[in-house]
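Enquirer: Protein chains in written order, with this note's numbering: chain A, 4 to 113; chain B, 135 to 247.
Honestly, the hints are just simulated from the structure, not real lab data.
Be careful, since some hints might not be right.
Derived pair list, reagent style DSSO-like, types lysine-lysine, alpha-carbon separation capped at 27 Å [said to hold, decoys possible]:
#, chain 1, residue 1, chain 2, residue 2
1, A, Lys60, B, Lys189
2, B, Lys137, A, Lys84
3, B, Lys137, A, Lys108
Fair warning: this is a prediction, and the values are worked out from it, not measured in the lab.
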Amino acid sequence: GQNIDQPTEMTATEGAIVQINCTYQTSGFNGLFWYQQHAGEAPTFLSYNVLDGLEEKGRFSSFLSRSKGYSYLLLKELQMKDSASYLCAVGEYNFNKFYFGSGTKLNVKP
Amino acid sequence: DVKVTQSSRYLVKRTGEKVFLECVQDMDHENMFWYRQDPGLGLRLIYFSYDVKMKEKGDIPEGYSVSREKKERFSLILESASTNQTSMYLCASSLGQANTEAFFGQGTRLTVV
Chain A
4 GQNIDQPTEM TATEGAIVQI NCTYQTSGFN GLFWYQQHAG EAPTFLSYNV
54 LDGLEEKGRF SSFLSRSKGY SYLLLKELQM KDSASYLCAV GEYNFNKFYF
104 GSGTKLNVKP
Chain B
135 DVKVTQSSRY LVKRTGEKVF LECVQDMDHE NMFWYRQDPG LGLRLIYFSY
185 DVKMKEKGDI PEGYSVSREK KERFSLILES ASTNQTSMYL CASSLGQANT
235 EAFFGQGTRL TVV
């Protein structure tokens with residue numbers, strides 16, 4: 004089974020930095036994925052981590068610690084368009100299955 | 135670009151009807167998935183398939199079945215729709231190899247009345 008936890012909602016200011024945390028307990032871990040989902044739309048892929056450490060992708064970075072079952076998504080230079088839900092997902096068994104957390108709704112204010 | 139297409143964006147059905155949700159992907163992906171998304175519960179896996187005619191139950195398969203007769207198409211069937219199946223249904227596909235992500239369709243918002 005899976006247990007993936009993330010905060011329900013966060014608020015941040017335009018131009019600031021925000022960190023969204025995700026903790027997980029899983030069997031057969033094979034990667035941690037982050038997705039962005041705007042209201043009424045499908046999730047879109049942002050980043051993934053397979054090994055421990057930080058992966059940087061423009062304004063977005065994601066960190067993984069497998070021993071702690073912990074990941075975070077870091078968003079820099081926040082823009083209004085970053086207001087969305089951010090979903091943490093665990094890949095299992097050679098990525099045959101993906102399990103998702105409930106998502107963190109990020110509100111970016113001017 | 136990978137394209138995952140779901141047959142309907144919005145659907146309204148009556149209780150007891152048999153409902154078919156269709157999903158097609160155009161990138162020769164081995165794996166296909168059906169999730170439902172409800173407020174506060176996130177995405178929950180209903181069924182997935184890793185090959186033609188192969189299927190595996192996810193976390194919430196009750197009341198659903200699936201069909202994968204061709205690699206590109208994965209259908210979700212609600213045998214007898216009930217009001218508690220009102221939800222957003224999302225189809226996804228992936229290569230099923232290491233370091234590959236899932237790609238999602240636009241979703242079908244199903245209302246059962």
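Enquirer: Now look at each hint and say whether the structure bears it out.
Expert: Status of each hint after checking the structure:
{"no.": "1", "hint": "Lys60(A) to Lys189(B)", "in the structure": "35 Å, violated"}
{"no.": "2", "hint": "Lys137(B) to Lys84(A)", "in the structure": "23 Å, holds"}
{"no.": "3", "hint": "Lys137(B) to Lys108(A)", "in the structure": "26 Å, holds"}
Hint 1 from the list above is the single one not met by this structure.
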